[in-house]
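Modelling step: build the complete structure from the supplied sequences, incorporating the hints.
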Amino acid sequence: MAFSRREFWRGAVATWITFNALFLLVTTVVLAIMSRSLQTVFSILILVAWFQLLFVVATSALATVIGSGAAFVLGRLLRTTAGMRQHLIAFAGLGLVVGGVVIAVVGTWPANLTGEFGSLLTNITEPYIALPLLGMSAVSVAHGWYWTVSRALSEDPAPQSPVAEAQLAG
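Count the sequence shown with the working numbering and you get residues 1 to 170, in order.
These are computed hints drawn from the structure, not numbers from a lab. Incorrect hints may have been included.
Unchecked claim - Pair ranges (Cβ atoms, derived):
#1 T80 to E7: 15 to 21 Å
#2 A82 to R6: 20 to 26 Å
#3 W50 to L78: 36 to 42 Å
#4 S4 to Q86: 18 to 24 Å
#5 W109 to L47: 16 to 22 Å
#6 L24 to L62: 15 to 21 Å
On a predicted model such as this, the values are computed, not experimentally measured, just so you know. Using N, Cα and C, we set each Cβ at its ideal position, and we do this for glycine too.
As structure tokens, this is what we get:
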């Protein structure tokens with residue numbers, strides 16, 4: 001299946017929205033569990049939302065735009081592959097690669113350039129931070145592809161059976 005340009009970018013936006021929603025949810029839950037206090041969940045949610053607005057939204061948007069080129073190439077390579085499972089695995093793998101590159105790049109930012117959140121950004125390569133981010137990235141890219149395929153297929157006209165085509169023609 002070949003995507004139109006509109007469908008392709010709709011999938012990229014779906015990937016970006018999915019990642020940001022997962023980031024807010026997963027990070028808030030993990031920090032709430034680590035704090036061992038349900039009374040601070042709202043405070044943690046506010047902190048995570050601010051961090052996300054300051055850093056994650058722009059970084060993930062840039063990663064989405066740059067990663068879209070790789071997604072386009074991967075999609076072209078998989079054009080003749082019919083199995084949905086293979087596509088999901090391939091796009092989840094792409095999410096792991098893009099997530100790994102982002103983690104590596106962000107992990108090299110000097111703490112003095114990032115201010116108050118500098119230690120968190122420079123610790124992004126620590127497994128307790130990197131692994132959930134990689135998981136969110138893989139799930140987001142696979143979900144973006146799946147959502148786009150589902151939407152594209154539902155918008156395509158249903159193929160007519162030979163009997164129905166004969167009835168329409170005759």
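We went through each hint and held it up to the structure:
{"no.": "1", "hint": "T80 to E7: 15 to 21 Å", "in the structure": "holds, 18 Å"}
{"no.": "2", "hint": "A82 to R6: 20 to 26 Å", "in the structure": "holds, 23 Å"}
{"no.": "3", "hint": "W50 to L78: 36 to 42 Å", "in the structure": "holds, 39 Å"}
{"no.": "4", "hint": "S4 to Q86: 18 to 24 Å", "in the structure": "holds, 22 Å"}
{"no.": "5", "hint": "W109 to L47: 16 to 22 Å", "in the structure": "holds, 20 Å"}
{"no.": "6", "hint": "L24 to L62: 15 to 21 Å", "in the structure": "holds, 18 Å"}
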